[in-house]
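Using the sequences and the hints given, assemble the complete structure.
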Amino acid sequence: MRNAFSEALYEEATKNPEVYIVVADISPAGSMAKFSTEYSERFINVGVAEQSMIGICAGLALRGCQPFAYTIATFSLYRPFEMVRDDLCYQNLPVTVVGMGAGVIYSTLGGTHHTQEDIAIAGAIPNMQIIAPCDPDECREATRHCATQKTGPVYLRLGKAGEPPLTEGAEPWEFGKLRYLRRGTDVCILTYGVITKMATEVANQLAAQGTSVSLVSCHTVKPLDRTGIVQALNSHDQVIVIEEHAPQGGLAPQTKQIAWEINATCRLDTFTLQDKFIHNYGSYDDLLAEHGLEPKRILAAVA
Amino acid sequence: MATLTNAFNTDEARQRCTRYRRRILEVSQQVMALHIGSAYSCTEIVDGIYNELMRHDLENSGSDVFLMSKGHGCMIQYAILEERGALSRADMDAYCTSGGVLGCHPDIGNPGIEAATGALGHGLSMVVGMALAERARNNDTVIFTVLSDGEVQEGSTWEAILMASSFGLSNIVAFVDNNDFQSLGRTSETHPSFYPLKEKFDAFGWETVEVDGHDSQAMTEAVRSRNGDRPFMVVAKTTKGKGVSYMENVPIWHYRSPDKDEYIQALQELEAAL
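Protein chains in written order, with this note's numbering: chain A, 23 to 325; chain B, 4 to 277.
Source of the hints: derived by calculation from the structure; they are not laboratory data. Treat the hints loosely; a few may be bogus.
[Claimed, not checked] One-sided and incomplete, this derived list gives chain B residues near chain A with beta-carbon spacing under 8 Å:
(1) 114
(2) 125
(3) 130
(4) 137
(5) 171
Don't be surprised by glycine CBs; every beta carbon is placed ideally from N, CA and C.
And the structure:
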């Protein structure tokens, strides 16, 4: 996903001399080397100074530029929170805050490097938009969108590296519209971000059992495609939300809220990270499992 | 940079500053509070920036830029913007009312306001971003800013100080309104290690001068005679509430408005200074 981001941003920077990236002593791999060499005045490394990273992006945007702030999610959103809120969101500037390695993907680095409340925190700020792509192709689309939109700030929640392609043959990506990766009639799985891989496994196993499954990437978490969620709730017997985020403030509670508001009659199950810090230094899958997120447990719960 | 070519008109500067202080005093009677002491502290600094230092007719960017990092001092900026015609008398009359656009801190979208400030420690990083943008465009735009001494206690301000000099942003001119007062007392007593300031900025790679922050001529000449190869910092020694005897160095005047009797006394003192 990082490489897809780098490639797309490099292409956009080639087209538009106002595209900047401000990094905090960490740089996306791949094409970012070309970016920093060819457009050195637009590749800015602030060192370990994330508050300044966000403020600098605001200053650039106030003078008409289209900046991206880039570092590990917890440091791009939590550390400089007031700068994100006041400088970017209050002033409604077209700055993209890239949160790399969000969720618990930095499994061995411990809780200080996990980002399990970011959707709730970013989503609570007026003007903030949130995009969480599920695979490299969606990341590319999202990056292009962020580099050209003038609506306001975006929190771009990314994974790390090695995410498999999950969207081949899916309908086109469009900001603000959820996207069916496959269409079925019985069960609909709503998900977003890196955990879409697990959701795909769940969908495959349900399909193998003879269930007709829809799998939906809710990549734009804010503004959420309410119409699309309503359609999903009304056209399936069962809806399952799988989300790598705390139980509060993410896709799961929003889907429940919409279901309540429309008197939905489908069954609705939600699977999220738990409201706790864990001290597990295993693999990414190990950490998700400790939070209760495993295909076999999800399948058992929804049967 | 260019050396001073025109003789500095001390009388004009003093008259302008008195005019602004009187205007702020007038507005103070509309509201309960307006950070009057903070505005009087940096009156000469902001006047000098707008009326002596900023170029308002640049071909490339239209104008040099001023960002009020110490947002709570914005009454002086409003008074100057009103005189320059960017803000109207009606705007000032509606200060801090539900129908107006002007509040106790500068707000984005208002004429002449470059950024929303008020939360401390935000301005200088935005200034760095602006300076990077203008340099990348090969514009000679200078970005001016005024920091409070209190906000130099914010870690984020030091991040920005480090950035500006590391990136060689010679198109930044910053002032610290060093009045040595904050809400809970005299900074030199509560946090003595905060001083000295000049040496700290020097150590961070800025070209730095210390000047009397109520001496308009000295500040203007210091800025105009800077080397211009690095960001420039003026540590301006100021008096909080400058110009009105009972306000000077009395913390309560950080915020509150004078009552009728106090208003009359202040007006008399300001007029006597002319």
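Verification of the supplied hints:
no., hint, in the structure
1, 114, "15 Å, violated"
2, 125, "6 Å, holds"
3, 130, "6 Å, holds"
4, 137, "6 Å, holds"
5, 171, "12 Å, violated"
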